[in-house]
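Please build the complete structure, drawing on both the sequences and the hints.
Single-letter residue listing:
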Amino acid sequence: MSKDLNKEAIEPRLVEELDQTNLEKIITPVLQLPLTFDPIQRINDGFKHFKINEFNKHPEYFQKLAEKQKPKFLMFACSDSRVSPTNIFNLRPGEAFMARNIANMVPAFDKLKHAGVGAIIEYAILALEVEVIMVIGHSRCGGISRLISLPDEETSYDFIDRWVSIGEPAKAKVLAEHPNATGQELQTLVEKESVMNSLGNLLSYPYVRLGIANKKLKVLGGYYDFVCGKFQFLDVHHHIEQTTNIQE
Amino acid sequence: MAHSILRSSHLYKSELPRSTSTISNSKMNFSEIEQTHLGFLNSSNLYKQLDLHFRMKDIFLRLQTSMQPSGLNPRDKSNLALRLQASRDQAALVQETSETTPNLIKNSDDDRLSFTEMKNRFLSFKKQKYLENLEHYQELAQAQAPKFLVISCADSRVCPSYILGFQPGEAFVVRNVANLVPPFENGPCETNAALEFSVNTLQVENILVTGHSCCGGIQALMSMEDEENSSSFIKNWVVVGKAARSTTKATTSNLSFDQQCKHCEKESINNSLLNLLTYPWIEERVAKGLLTLHGGYYNFVDCTYEKWTLDYQWSNPKLETGGYAIKNREFWS
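From first to last, the protein sequence lines stand for chains A and B.
Position 143, counted from 1, in the first sequence is what numbering that gives the first Met the number 0 calls 142; the numbers after and before it change by one each time, with no gaps.
Position 237, counted from 1, in the second sequence is what numbering that gives the first Met the number 0 calls 236; the numbers after and before it change by one each time, with no gaps.
Source of the hints: derived by calculation from the structure; they are not laboratory data.
Just so you know, not all the hints are guaranteed correct.
[Unchecked claim] Distance condition first, Cα-Cα at most 30 Å in a straight line; then the derived DSS-like pairs of lysine-lysine:
# : chain 1 : residue 1 : chain 2 : residue 2
1 : A       : Lys63     : A       : Lys214
2 : A       : Lys69     : A       : Lys56
3 : B       : Lys118    : A       : Lys56
4 : A       : Lys47     : B       : Lys241
5 : B       : Lys287    : A       : Lys50
[As the list claims (entries may be wrong)] What the simulated footprint calls covered on chain B by chain A, stretch by stretch (three residues with Cβ under 8 Å from a Cβ of chain A suffice, anywhere in the stretch; the number is not a length):
# : region
6 : 117 to 125
7 : 164 to 170
8 : 196 to 209
9 : 258 to 271
A virtual CB, placed ideally from N, CA and C, is assigned to each residue, including glycine.
Set out below in structure tokens:
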């Protein structure tokens, strides 16, 4: 009985002594290694690895690239850390001109409000002469979740809400066609429809239309589901021709 | 819109030697990888030390966990192992890509080639990375908790996932023309929507604005007054960087246009960093030490990377001259 009491008396004290700061003081000097994430070291390691394993191994390729880029693709992808097209498609430098924003949206032509995206499309088509424009959506998209939850009377985000509202037509279409969809099913439907909506918005840019009419440009959609590890292409069917003048 | 901040454990399961041998037949490649990795793997003694280090850390963390069960942030637990593990195993994942000469997508009108090429690449990604690290990817599918927000140019040559080696889950990335960040007063656009999400919801700890050499957007900015026919979309966008252009023209008027552009590329990064501070929720976090702002410059002509950190205490975006100070400048070549 007395032994048990002794034990009880000792243990709490030991626990108190071994609190966090004490532990750190004991262990850190012994290990003499940093215990916190060092962002600079992380990017240093990444860059070193790239330089040694990629750049130095293909000097001619990179030298040529340094003079001029000639990517075949313009890609729109979400800023989500899990869906970099470079990772998924093993893209090399020089292959894809890439725009990344929340929920991989392409707004309709608007020189004042959407100069950023417009600049990307304009540069890609006119200066770089890309051949394929691809919009890639993905699963569990936070931007689409936000779009679905709007209007939100409790919290509002100045910038996010305005931006994701570009996808309102997609959300409206899905709700009209699938009135009973909820949760994950609704989310997936809106994610895919938003890609189609963005492809449609691409057509509001005159040089995109011209490129398609001249058969020099193609637009393509994609959907990356990282829950199941799948990718599917989403095609938008359109028929665009050169305009003809009616003359007497 | 709250995302639970759950961290995954080890980034990659496979030990470096084993995975390297399955991917590559060439022994030469293996030894080159050894060179890159911090000299850890050359000596078995060092390896043992590393092992001991991990075990000690585990003990530390387990004790820590038991002390503060409610306060433990799972992310802390795995970060330590994650960082070293990541740096050890990084080579294994990227290794197979450096084996063959870059396989450019063939230039052709054939529709099927685009589809087939993309499909094949995705399938190899799935087989070699996704399925190999299934547990990690499944955890990521539940939630992301990246440490970085990276603002980079859309240029095809400067993808941060490639040149800085970011793997899925590590960096929230925004890419626009000339890696510009407009100030708060300009109103909503895609860049600040991403800022709002990554800083307030994902609570990233670092923002890296990374620019590069021979940037077409900066060139357009610098030549704006000269050309009358400059594309209006690009003009409307790159004008965000006009403060950088003014400073550049004031200080480097004796240099050639190319040199001025190079100066402006770096100046624009600092301008963007200052613009970041015009967002109240960013400034608040920087002031509290929860968020650090970094600048980076990638020169792809000679493959060098320069990086620096914005010294918040000595920077004030409200000053008319755009006062800022930088610290911890490093040059990697």
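To see whether the hints hold, each was checked on the structure:
1. Lys63/A <-> Lys214/A: holds, 28 Å
2. Lys69/A <-> Lys56/A: holds, 21 Å
3. Lys118/B <-> Lys56/A: OK: Lys118/B and Lys56/A at ~26 Å, within 30 Å.
4. Lys47/A <-> Lys241/B: violated, 33 Å
5. Lys287/B <-> Lys50/A: Measuring from Cα to Cα gives roughly 35 Å; hence the hint is violated.
6. 117 to 125: Coverage by chain A holds for the region 117 to 125 of chain B (7 residues, Cβ < 8 Å).
7. 164 to 170: Per the Cβ count (7), the hint holds.
8. 196 to 209: As far as the region 196 to 209 of chain B goes, the hint holds, because 7 residues have Cβ atoms under 8 Å from chain A.
9. 258 to 271: Violated, because only 0 residues of the region 258 to 271 of chain B bring their Cβ atoms closer than 8 Å to Cβ atoms of chain A.
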